[in-house]
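Colleague: Take a look at the letters that make up each chain.
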Amino acid sequence: MDSMKRYFVFALSILIVLSLTGCWGNKEIEDLSVNVGLALDVGEESELEQELAKEGDSYPKKNLITATLQTVPVLKGKSEKQSGSSKSSSMYLNTEETGDSVFQLYRQYSLRRYRPIIGHHLKVIVISSELSRKMDLEKLLKFILRDNDIRPSCLVLISKGKASEALVSSQTGDIPSFHLRSMVENQFRNNKILAPMILTKLDGIMNSGSSFVLQNLVSAKGEVEFAGAGVIKGETNKWIGTLNEHEVEGLTWIKGEIEGGVIKTYDKSGEVLAYEIKSAKTKIKTKVHGNDISFHVSIESDGRLIENWDTSQVPTDNKFLKEAEGYFEEELKEMLHKTIHKMQDVYHVDVGGFGNKLRIQHPKVWKTVKKDWDETFSQSDITYDVKLTITDYGSSSK
Amino acid sequence: MFTRTDDKITTTQTVVIISCYMLGSGVLTLPRTLTERVKTADGWISLIVGGLIVMLAGICIVKLCQQYPGKTIYQFVQEIVGSWIGSCLSTLMILYFVAISAFQIRVMAEVTKLYLLEGTPMWVIVMFFMWIGLYLITSGINSMARLFEIILPITIVVLLICMFLSSKIFEIDNLRPVLGEGILPVLRGLRSTVFVFIGYEIMFILPAFMQHPKKGVKAMIIGTSIPLVMYMITYIMVVGALSVDGVVRSTWPTLDLMRSFEITGLLFERFEFFLLVIWIMQIFSTFTITFYAASMGLAQLSKRNIQPIMYGLIPIIFIVAMLPKNMNEVFDFGDFIGSVSIYLFGLLPVVLLLITKIFKKGALKEDG
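So the sequences go chain by chain: A and B. Note that my numbering has the first sequence beginning at 387, numbered continuously upward. Note that my numbering has the second sequence beginning at -15, numbered continuously upward.
These are calculated hints, taken from the structure and not from any lab test. Computed from a predicted model, the values in this text were never measured in an experiment. Yeah, the Cβ is synthetic: ideal placement off N, Cα and C, and Gly gets one too. It is possible that some hints are incorrect.
[To be verified] Some chain B residues judged to face chain A by a derived CB distance under 10 Å, without partners named:
hint : residue
1    : L118
2    : F148
3    : L149
4    : S151
5    : D157
6    : R160
7    : S244
[Unchecked claim] Counterexamples of contact, computed for chain B against chain A with all Cβ distances above 12 Å:
hint : residue
8    : V201
9    : M216
10   : T235
11   : F245
12   : R254
13   : L307
14   : S323
[As the list claims (entries may be wrong)] No farther apart than 27 Å at their CA atoms in a straight line, the calculated lysine-lysine pairs in the DSSO-like style are these:
hint : chain 1 : residue 1 : chain 2 : residue 2
15   : A       : K641      : B       : K55
16   : B       : K(-8)     : A       : K528
17   : B       : K(-8)     : B       : K55
18   : A       : K525      : B       : K23
19   : A       : K743      : A       : K669
20   : B       : K97       : A       : K743
21   : B       : K23       : A       : K743
22   : B       : K55       : A       : K757
23   : A       : K669      : B       : K152
24   : A       : K664      : B       : K152
25   : A       : K669      : A       : K546
26   : B       : K97       : A       : K525
27   : B       : K23       : A       : K750
28   : A       : K619      : B       : K198
29   : B       : K55       : A       : K528
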């Protein structure tokens, strides 16, 4: 009996040894391609792909989408490291694949690169306005939203030109995807940056059927810039146009998303006047009279007079401050006017969150107008009043 | 016959068991299932009302059990409605508990497979889970209560931290207007709230083990309030971030909320794994308590020793857990359990209580 027990213990300890191997299914992170960015363009095979196709790379597909997968890290040759010539060594690798199913494009990647791709760290998706004009955003993003690795915290941006160009950087050591991701955080410095549209929020908005804006990118010579916003029509989830930077500024005022920024204008003698926004508050009131829906936007802001070129005027003089406030208010009103005009008369969409206000303030009315909201919105009256207060003038009083 | 006089639990332990039972897989899908029915952001009101209703049902159960001190439902139901109907009801309840434990395991396995262990076969996940559960329940309700006492505070803290961190993407507008479409949506949501409060029926069994069965009502109320508050926080944060339209599209909205933000510079950047690991412990507690309830039912019904029955139930629960072929069937299975729960434990205690009140059968026996 005792020996039986000993055998049993022996057998058991062998079993335990099995569990001590740790993770035998592990994959070293250096041996993976970490997908950090994705650019979606209208399907057009690159030269390389065309050549590969000529050599026999073909499978049944429609060339609707060209996906550029940005992966890190890049294999570094030893010689390169030693010589220290960081000139041409980029930190990322862009791989273009053309086809239709986005998921299949991701899997095609494995036919060209030996390190398997993983999606856990996807930071940004850039979609070209050309592609989103033709195709429903939902179709493009369905795979991304379903995938269990890709996180819904991923950022979605629109690019005026080719989306793949937005994922290129001329600065050494810069990874464009990280760059873009971090640039969104600059909202507190500039109100031309919209609140980040992450997949989670986008999914909800697309399902609600309302129109929305996505931050627009322009790129030239390996530099990328946030410039305005792409307008997506809710009914079709397709791109219909852009708001320029000035209009985006107006939009952030309307939406009350301001965390910081500037209002610049000129005084009567044409000299520069600049106002640093310290706080801003927007209230939208909806009024319903029968079939007429109207909105009143009231904006209040505190700020600092940060720049005035006309040196004859001194900010210690209250009269001048009042005058300056008037200039800034005038400028802000102009901005709002342009933005609202663009929304109501040019694109006929509500991207300023007016529908949302109506939904909250008059839920019953909202239910009846919800279906055709963009049109109803275009007909509605919008009035606004702004009140800017200059509270101080920084460290220079003259 | 199965009686263990040493296996008693305190009132706090009773509270903890009730809370741990309620906090199961439900919280992972709650914001979606609730919003699908309510269609506005008023689900949190449904949760309050649902919680109150469940408390009432629970109090009925406790009152009933107090008429038969030291006995579980399986033992006294036959005294109330006769041995035939009694055995049938007991069998139904046993099947119900088996179904819940199987469902919990299955949901746990599905989520684990999707987000944590993609390559691990499902049966491996399920098996280990069941074996450890078996190990726990063989040592009786006291050991279970002690384990739950450790798990529950950790769960509460982790859930609160996770929800608090998500406030970065929280938008109050998504929760407004309150009652914009009147009270009707709130009532529509009641049905799905009941499912997350499944667990009050454990009070059919627990009073028999309580040191002070008189405090059953108090335990019931506190035991339900803890999950109620946690559910409300979860619902509000998830709908606040994902919006009503977004939440209905997400299979596991609570996890999607965690996946929607990263916190840099706080030791951990991603919190869904944190939440998931803690939640697996909660699912484990729900699984063990139902497993225990089912085996005890069988033991008391057949008047046999409980240990072999526990071992015997393992393959049965495993098979039931593996029955649903795809996710839709898993969710349908969950809905089915929810409806059974409403009929079985919503009506039953009231009916039984009425019968005892009218005929005074059990009460007289105990007093005399």
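Colleague: Hints first: check each against the structure and report whether it holds.
Modeller: Evaluation of the provided hints:
1. L118: Violated. Min distance 18 Å.
2. F148: 17 Å, violated
3. L149: Violated. Min distance 12 Å.
4. S151: 14 Å, violated
5. D157: Holds, about 6 Å.
6. R160: 4 Å, holds
7. S244: Holds: closest Cβ of chain A sits about 4 Å from S244 of chain B, inside 10 Å.
8. V201: Given a closest Cβ separation of 39 Å, the condition holds.
9. M216: 21 Å, holds
10. T235: 9 Å, violated
11. F245: 6 Å, violated
12. R254: The claim is violated: R254 of chain B sits with its nearest Cβ about 8 Å from chain A, within 12 Å.
13. L307: Non-interface label on L307 of chain B holds, nearest chain A Cβ at 24 Å vs cutoff 12 Å.
14. S323: 28 Å, holds
15. A:K641 with B:K55: 63 Å, violated
16. B:K(-8) with A:K528: 54 Å, violated
17. B:K(-8) with B:K55: The hint holds at about 13 Å.
18. A:K525 with B:K23: 25 Å, holds
19. A:K743 with A:K669: Judged against 27 Å, a Cα distance of about 10 Å means the pair holds.
20. B:K97 with A:K743: 41 Å, violated
21. B:K23 with A:K743: Status holds; Cα separation ~18 Å.
22. B:K55 with A:K757: 59 Å, violated
23. A:K669 with B:K152: It holds: about 21 Å lies between the C-alpha atoms, which stays within 27 Å.
24. A:K664 with B:K152: 21 Å, holds
25. A:K669 with A:K546: At roughly 32 Å apart (the allowed maximum being 27 Å), K546 of chain A and K669 of chain A break the hint.
26. B:K97 with A:K525: 26 Å, holds
27. B:K23 with A:K750: Status holds; Cα separation ~14 Å.
28. A:K619 with B:K198: Measuring from Cα to Cα gives roughly 63 Å; hence the hint is violated.
29. B:K55 with A:K528: Violated, because 55 Å separates the two Cα atoms, which is more than 27 Å.
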